[in-house]
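2 protein chains.
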Amino acid sequence: MKIIVAKTAGFCFGVKRAVDIAFKTAKKKQEGVFTLGPIIHNPQVIEKLKQEGIQPIEDIDAPGIEDIIIRTHGIPLQLMNRISESGFNIIDATCPFVKKAQRYAKLLREEGYQVIILGDRGHPEVQGLMSYAGDDAVVVDSEKALPKIKRNVGIVVQTTQPVEALKKLFGKVIEQVKNVKVYNTICSSTALRLKETAAMAKKVNIMLVVGGKNSANTTQLAKLCRSLSVPTYHIETSAELISEWMNGADSVGITAGASTPDWIIEDIIKRAKEIGG
Amino acid sequence: MKIIVAKTAGFCFGVKRAVDIAFKTAKKKQEGVFTLGPIIHNPQVIEKLKQEGIQPIEDIDAPGIEDIIIRTHGIPLQLMNRISESGFNIIDATCPFVKKAQRYAKLLREEGYQVIILGDRGHPEVQGLMSYAGDDAVVVDSEKALPKIKRNVGIVVQTTQPVEALKKLFGKVIEQVKNVKVYNTICSSTALRLKETAAMAKKVNIMLVVGGKNSANTTQLAKLCRSLSVPTYHIETSAELISEWMNGADSVGITAGASTPDWIIEDIIKRAKEIGG
Chain S
298 MKIIVAKTAG
308 FCFGVKRAVD
318 IAFKTAKKKQ
328 EGVFTLGPII
338 HNPQVIEKLK
348 QEGIQPIEDI
358 DAPGIEDIII
368 RTHGIPLQLM
378 NRISESGFNI
388 IDATCPFVKK
398 AQRYAKLLRE
408 EGYQVIILGD
418 RGHPEVQGLM
428 SYAGDDAVVV
438 DSEKALPKIK
448 RNVGIVVQTT
458 QPVEALKKLF
468 GKVIEQVKNV
478 KVYNTICSST
488 ALRLKETAAM
498 AKKVNIMLVV
508 GGKNSANTTQ
518 LAKLCRSLSV
528 PTYHIETSAE
538 LISEWMNGAD
548 SVGITAGAST
558 PDWIIEDIIK
568 RAKEIGG
Chain Z
298 MKIIVAKTAG
308 FCFGVKRAVD
318 IAFKTAKKKQ
328 EGVFTLGPII
338 HNPQVIEKLK
348 QEGIQPIEDI
358 DAPGIEDIII
368 RTHGIPLQLM
378 NRISESGFNI
388 IDATCPFVKK
398 AQRYAKLLRE
408 EGYQVIILGD
418 RGHPEVQGLM
428 SYAGDDAVVV
438 DSEKALPKIK
448 RNVGIVVQTT
458 QPVEALKKLF
468 GKVIEQVKNV
478 KVYNTICSST
488 ALRLKETAAM
498 AKKVNIMLVV
508 GGKNSANTTQ
518 LAKLCRSLSV
528 PTYHIETSAE
538 LISEWMNGAD
548 SVGITAGAST
558 PDWIIEDIIK
568 RAKEIGG
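So the protein sequences, as listed, match chains S and Z.
Converting from the first sequence to this note's numbering requires adding 297 to each position, the first position being numbered 1.
Converting from the second sequence to this note's numbering requires adding 297 to each position, the first position being numbered 1.
Hints listed in this document are in silico derivations from the structure and should not be mistaken for laboratory results.
Note that the structure is a prediction, hence the values are computed from the model and not measured.
All the given hints hold, so there is nothing to weed out.
Chain copies aren't distinguished; within one or between two, either way the pair holds.
The calculated lysine to aspartate or glutamate pairs, modelled on EDC-like cross-linking and capped at a C-alpha distance of 20 Å, are:
| # | residue 1 | residue 2 |
| --- | --- | --- |
| 1 | LYS465 | GLU440 |
| 2 | LYS397 | GLU472 |
| 3 | LYS492 | GLU472 |
| 4 | LYS313 | GLU563 |
| 5 | LYS441 | GLU461 |
| 6 | LYS345 | GLU533 |
With the sequences and hints as input, model every part of the structure.
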């Protein structure tokens, strides 16, 4: 049985940076260091960090806090200010590409644009962006959700959105207003990973998609593979692998979301080889 | 035989304004007044203006010039400066929407954007826009002609372009650069006229499209009607009407370009009634 692993599988730049920051911090100091929410969307990495002494908290009012590590997706401006004013030390692991999107959202608001954020309202990255874009910012997950717009528009985009969604949104916006400024804050890593995964899914008998069940980009990879009619299994660890999946399979493709660490991917390759022979 | 005339047929706002300016100027003064190039793309209007004493010139070095009327499509900035420096009196009949596009082209250049003009390079409006957009401006008539772009892009559009062309251009640009500022300088009058003409062409037996053979927007109307498989005749005056065209026709649709005066349209309606009965 042949196992092919996607080159783009696993940690993107921002996630690698954040995880490095967290583990380096753990090496220097463990007491009083917390991440606000899960630092990335991968339960196994969160578990490893716990073992190193760094716990996630949901609220800065918890006792014993000295240092707070900010998650890759960023946090709202008001919360960042509150942490700062509360005297905690901030270790900012926000992805630099997300930071850039936050800066652009702020800039557009300051320039008087009606800011539109293309993204999922429930996602922490978008929650953060909204705080920079101002109270009247509009969040849409597709051009179909766009309300009537009256002012000149400035667009920023959740870093993991597909560029096609931005094109469609622009097409809808330009029919309503005359002046549109677009900051394409989409990070290419998601698009590259999707592209490579699609090409791979067409060539193999089954696909293993590895990553947090709570990871939007991993779920998106699994959805893509299923849409190409390849038997697809979204798993977090090798413990979930079932040998029947590989019955009669000549080739297995493996891809993984941006928050999936290499050691989990390697573990799955190893286990798949043991099972599949 | 039923004759239907499009509501949007004939003079748009900018053309009406320019022609009014020219005839009012003729009333006040005839000696030494010239239009630089044809003031609008309609030979019959130009001929009427000649009868009122206002001639078109191709070059400001012609003798006897005192006042120069600037055409609806505008002229290049350098030429405007030369006219001004030569001491001639400028009567600016540039369409206000074209003026706006010129201002935006200048603004984008000053803000450091790579200016892209969507339009026909050979059209006088685009020739004018290019002078405001700077020496490195890129002119494309469709997204397919877009070269490789390296700097942040600012887009302005020839006022008579279809909005679909702008959407396609944006889609191509956003794949190359991150920051794009769009001034949608398209004037809605062309789109409305095309829309009404298309609806009309589907309901009638023949279409008469009235306007200068050198008028881009009139030619576009005729092309649209032909694409809908309606027998279509592009004529400038009633003298061109041929009775055989109307043989067996129950209904005739009449539309006209932005530079076609009402008296020509009325003349054609009258003549069509005489012929068609």
